[in-house]
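Participant: Sequence:
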Amino acid sequence: MDACTGDCATAVYFDRLGAAYDGYRPPDPQLTATEIDLVLAATDHRPGHAADLMCGPGRHTLELAARGWTVTGVDRIEPSLATLRDRARAAGVDGRVHTVHGDVAATELPAAAYRLVLLLGNSFGFAADRPASLALLRRAAASLAPGGAVALEVFDRDRAPRPARKEHRLPGGGLTKTISWDAATETEHVYAVITLAEAEVRTCYRQFLPGAASVADLARAAGLTALRLPIWPSADAALYLLRAPAGAR
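Numbering (this note's numbering), first residue to last: 1 to 249.
You may find that some hints are simply not true.
As the list claims (entries may be wrong) - Mimicking DMTMM-like on lysine to aspartate or glutamate, the simulated pairs with C-alpha atoms at most 25 Å apart in a straight line are:
no. : residue 1 : residue 2
1   : Lys177    : Asp129
2   : Lys177    : Glu198
3   : Lys177    : Asp103
4   : Lys166    : Glu186
5   : Lys166    : Glu200
6   : Lys166    : Glu198
7   : Lys166    : Asp236
8   : Lys166    : Asp129
9   : Lys177    : Asp156
10  : Lys177    : Asp44
11  : Lys177    : Asp236
12  : Lys177    : Glu167
13  : Lys177    : Glu108
14  : Lys166    : Asp156
15  : Lys177    : Asp158
16  : Lys166    : Asp37
17  : Lys177    : Glu200
18  : Lys166    : Asp182
As the list claims (entries may be wrong) - Restraint ranges, calculated between C-beta atoms of paired labels, are given here:
no. : residue 1 : residue 2 : range
19  : Gly223    : Ala42     : 16 to 22 Å
20  : Asp94     : Ala33     : 17 to 23 Å
21  : Pro79     : Gly223    : 34 to 40 Å
22  : Ala41     : Asp236    : 20 to 26 Å
23  : Ile179    : Ala91     : 33 to 39 Å
It should be emphasised that the hints constitute simulated quantities derived from the structure, not laboratory data. Heads up, the beta-carbon is just placed ideally off N, CA and C, and yes, glycines get one too.
Use the sequences and the hints to build the structure in full.
Facilitator: Shown next as structure tokens:
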């Protein structure tokens, strides 16, 4: 497969995927609770302000809000944010959940505002390459209060090599991905076809999937210290806590 080039319908693809997200990745409340348990056990149990970047329909946002945190969810897909707001109201936590519609690469985050920033579910990979990923990490780091942390989940190719082809069922259709790997740049090139009742959308995109050494390098460049959690429930992913210095930045 060729690298991702040309005029691709990427925005339309992710909008369609976002609208069908629960079919792509059905909610698993126990998994979500376990993930947040592990993140908080390694950081700070006390509720505070957090940001969930590329939050989607906000399963982690809602879990933190249920535990007393005030959470800002940022995502480029408005239908996903609408789902998050609806679920927050249904759960009685809408007063602690705020949403921002926008691309995290361009959305301004308040300085030194958050004790915790979430980049889970391979959200970090969609920055597409090392320079863009570092820019995103620096943006997240600047939003941390002293001693705060970024919880960063990335696919772990050493733990579970990625298949060359993946298929997912969606409500009223399906999703097929054909994947090639560039080890030199730690980048996946993905050709994706999403088929729903009303349309078929084809696109290609890149995912930057850094290994442990690259995560540590990126963290240092952003002024953070990386620690990999020894336990994480996803079979194909790893979780890193990237801590800001405790003193004034």
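Participant: Give me the numbers of the hints this structure contradicts, sorted from smallest to largest.
Facilitator: 10, 13, 16
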